[in-house]
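Build out the structure end to end from the sequences listed, making use of the hints.
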Amino acid sequence: MMRRGNLIVIEGADGVGKSTLTKAIASRLGDIGFPIQTYAFPGNVRGTLGYLVYRLHHEGNALDVGEVAPVAIQAMHIAAHLDTIERTIRPMVDSGMNIVLDRYWWSAAVYGSVSGVSQDVLEALIAAERHCWGTLQPLVVFLIDCDRPWRKSEDTPAWRQIAEEYRKLAALEQTRGHVRVVQNHGCIDEIVSSLTDSVIGMMCPESHRRIPVDGATESARIRLPQSRRTPSMSHSPVCFTARSRELRSTEVFDTYWRFAFERQEVFFRRLEGALPPWSADPILQRYRFTNVYRASDRVSQYLIRRVQYTGEQHPVELFFRTILFKMFNRIETWELLERAFGGIHAAEFNVRQYDKVLDQARRADKRIYSAAYIMPPAVAGKGHAKHLGHLRLLERMLREDLPQRLADARSLCHAFEILRAYPMMGDFLAFQYTIDLNYSQLLNFSEMDFVVPGPGAKRGIRKCFSDLAGLSEADVIRHVVESQFDEFARRGLAFRDLWGRPLYLVDYQNLFCEVDKYARVAHPDSASRPTRTRIKQLFHSSGRLPVPWYPPKWNINHRVNPNKEGLDESD
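The numbering of the sequence shown is our numbering, which starts it at 1 and goes up by one.
No lab work stands behind these hints, which were simulated from the structure alone. Among the clues, some could well be false.
[Stated by the list, open to error] In silico DSS-like cross-links for lysine-lysine, where the CA-CA straight-line distance does not exceed 27 angstroms:
#, residue 1, residue 2
1, Lys536, Lys326
2, Lys553, Lys536
3, Lys458, Lys536
4, Lys386, Lys536
5, Lys366, Lys553
6, Lys23, Lys168
7, Lys386, Lys326
8, Lys386, Lys356
9, Lys168, Lys326
[Stated by the list, open to error] Derived CB-CB ranges, DEER-like:
#, residue 1, residue 2, range
10, Leu172, Pro276, 34 to 40 angstroms
11, Ser193, Arg55, 51 to 57 angstroms
12, Pro282, Ala128, 51 to 57 angstroms
13, Arg270, Gly342, 19 to 25 angstroms
Even glycine gets a Cβ: it sits at the ideal position worked out from N, Cα and C.
In structure tokens:
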């Protein structure tokens, strides 16, 4: 019996490089030997309905057609889709051909919504297309995303709204099938290689030797918010495949996923008011671990709610408050400065006055720095206190117009590189500050753009894999993120995400760091050179957690606490 072909979909707003990537991926797959064809909706091949729709959409005046209602435009697009599906795509897939399709019903959903088409009408149109597809579903949908279109002329509020609607749709559809959001920052060859590897792994899973989930179906990827299953810690060895290379996992990699699941359950149990202990895991009961989602931690919550989104939202003020807070990363230090100056404002920043307040606190044996990570000294001159060097560095950043340069950054990586150029800013610290600034309105990039593994994450990765097969730690983190739904499902873990927000690169970076600590007790022999053999911080309960509040641009606060809006002291 002839093997059926596959449908690979490339979606995204105009101007993100979607069509270029469609052709490049198809070409790469064809070179390898896969039977492959490309199609684009609505189509521009002469003699097809899609060609007429394309001309009407782009050359309406030449056809002597006046303005067409948005609902009619989407209906014509859907009609062209149906014609191509029935007459071309389905027969070719049934004959064994693989199709790389530029656009899907997603485009009608997004462009129709943005142009004001009634949701009821859109749903009816889309239902017709989905019915036509029948059992033929995409092997994967790649959403190509950019912070700005490559053609500056397209960088309009409407374009940004379209891009945001695509992101929302991708987040929704991730629970129904295999969706991957891909950031296009111009490295076409790298993106094509990564996407081609992903497609090959899905089309030929036997070549990746992945262990299947017993009885697992597509529905196993659906996340069940009310799960209370506590994971066992037994190990099921698996070859983890990234970029066509096999990384042999250790038992710590299995623990990695079970730790992520159970630590997130602890978070929700505390929010729900359950009585302690919040886990049957004795290690989680005894030792302190950060949250699975970085933004859920106490200090990050304070930063987002009280530092960034309280007060003036001008780029200079946002930058100043964020970096001043993060240099010390200690709530008590921030509140000390607030009391001393009656408010914290960049326009009133005086190094000598701030130094005096902090020096007095230090001489009174009060801690002014957090122990979360070591802050290296900035250049302050011989004999000066470390905090003075940091204050002078902040003063220099303001003087050199760093806030505006960051606001003009083209990507998360670009913002990181701008910060990295300053003294004290090693790779890890510059990345952490970039993520912190990205919580605010100063930056607005996807956390899937870029990751820099810290020392703890690198140790955790080395404990999870006996051999990285030549990949960098950043590559490993990216491919772990891409396989998250499969890895949780393989272990039968219904991970509860952050009210619809999946785990991002920075969260998995953080998890590798935490598993490095966890493994010191759970797997004491896991490190080849065990330089760190114990967990320093013990867990001290503070009872039920306050209701968390996240950056409004994430669009999840209404799900977290639907009875309240905005900032409220009692939340």
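Exercise for the section: Against the earlier hints, flag every one the structure doesn't satisfy and list their numbers going up. Expected result: 2, 5, 9, 11 and 13
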